[in-house]
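Engineer: What follows is each chain in one-letter form.
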Amino acid sequence: GAGVSQSPSNKVTEKGKDVELRCDPISGHTALYWYRQSLGQGLEFLIYFQGNSAPDKSGLPSDRFSAERTGGSVSTLTIQRTQQEDSAVYLCASSADIFYEQYFGPGTRLTVT
Amino acid sequence: EDQVTQSPEALRLQEGESSSLNCSYTVSGLRGLFWYRQDPGKGPEFLFTLYSAGEEKEKERLKATLTKKESFLHITAPKPEDSATYLCAVQAGTNAGKSTFGDGTTLTVKP
Numbered sequence: 001g002a003g004v005s006q007s008p009s010n011k012v013t014e015k016g017k018d019v020e021l022r023c024d025p026i027s028g029h030t031a032l033y034w035y036r037q038s039l040g041q042g043l044e045f046l047i048y049f050q051g052n053s054a055p056d057k058s059g060l061p062s063d064r065f066s067a068e069r070t071g072g073s074v075s076t077l078t079i080q081r082t083q084q085e086d087s088a089v090y091l092c093a094s095s096a097d098i099f100y101e102q103y104f105g106p107g108t109r110l111t112v113t
Numbered sequence: 001e002d003q004v005t006q007s008p009e010a011l012r013l014q015e016g017e018s019s020s021l022n023c024s025y026t027v028s029g030l031r032g033l034f035w036y037r038q039d040p041g042k043g044p045e046f047l048f049t050l051y052s053a054g055e056e057k058e059k060e061r062l063k064a065t066l067t068k069k070e071s072f073l074h075i076t077a078p079k080p081e082d083s084a085t086y087l088c089a090v091q092a093g094t095n096a097g098k099s100t101f102g103d104g105t106t107l108t109v110k111p
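In order, the protein sequences belong to chains A and B. Residue 38 in the working numbering sits at position 38 of the first sequence, and the numbers go up by one each step. Residue 74 in the working numbering sits at position 74 of the second sequence, and the numbers go up by one each step.
Some hints could be false.
[What the hints assert, rightly or not] Residues from chain A that keep clear of chain B, each with C-beta distances beyond 10 Å, as calculated: (1) P8; (2) E14; (3) R22; (4) N52; (5) G59; (6) R69; (7) T76; (8) T78; (9) Q80; (10) A88; (11) A93; (12) V112.
[To be verified] A few chain A residues that don't get close to chain B, going by computed Cβ distances all over 12 Å: (13) K11; (14) G16; (15) V19; (16) E20; (17) S27; (18) E44; (19) S62; (20) F65; (21) T70; (22) G72; (23) R81; (24) Q83; (25) D86; (26) T111.
[Claimed, not checked] What the simulated footprint calls covered on chain B by chain A, stretch by stretch (three residues with Cβ under 8 Å from a Cβ of chain A suffice, anywhere in the stretch; the number is not a length): (27) 25-38; (28) 43-49; (29) 97-111.
Derived by calculation from the structure, the hints in this document are not laboratory data. We put the CB at the ideal spot given by N, CA and C, even for glycine.
Working from the sequences, and respecting the hints, build out all of it.
Structural biologist: Structure, rendered in structure tokens:
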């Protein structure tokens, strides 16, 4: 079946602009996660959604970052007023439920110039 | 705060030379420990889940084990195609759903 998809695969933006990153999870998966991975680093947790519960936003680095999940499926991560330190690969993952293995998308490489 | 430390950071092996990767963790109420493989330019790929001390899982040349403080990923007779970064992650009952990842071990297997 179809895996997790993300778009765009690459995004180059100017400092100060807003960007939106999209994630389509595996159908039927109730949990959806966003991570950030800087070059040569591990994954930094940003936010996760579980069913209709309030999302856990504890990993968002600043109030410039926000995310929503519509209809329990597609999710959008928005970064406002981008800064150069936001440059990284943004990974989305979904799982059948919390405490289950996660399936990752290919990521969106964001470059802020 | 949950912590995950992986060692070594990098490991170079000759084809056929078996070795182990280590993942040490500190969590309050482990709910699951996960191993993933990540190839350059791709998202991590799930390998194993371990839930309790003493548990072992195997897949081809890989075997994952778990104690109360650490997990090992044993690689037997590795091949060049096993070259990748291996990531360890934990989920704790106190942070339901939130995963903490280690920085990974980059494995290079030379033919």
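Engineer: It remains to establish, for every hint, whether it holds in the given structure.
Structural biologist: Results of checking the hints against the structure:
no.	hint	verdict
1	P8	holds, 15 Å
2	E14	holds, 24 Å
3	R22	holds, 15 Å
4	N52	holds, 14 Å
5	G59	violated, 7 Å
6	R69	holds, 13 Å
7	T76	holds, 18 Å
8	T78	holds, 20 Å
9	Q80	holds, 24 Å
10	A88	holds, 13 Å
11	A93	violated, 7 Å
12	V112	holds, 19 Å
13	K11	holds, 15 Å
14	G16	holds, 28 Å
15	V19	holds, 19 Å
16	E20	holds, 19 Å
17	S27	holds, 17 Å
18	E44	violated, 8 Å
19	S62	holds, 18 Å
20	F65	holds, 16 Å
21	T70	holds, 19 Å
22	G72	holds, 15 Å
23	R81	holds, 26 Å
24	Q83	holds, 23 Å
25	D86	holds, 19 Å
26	T111	holds, 14 Å
27	25-38	holds (count 4)
28	43-49	holds (count 5)
29	97-111	holds (count 8)
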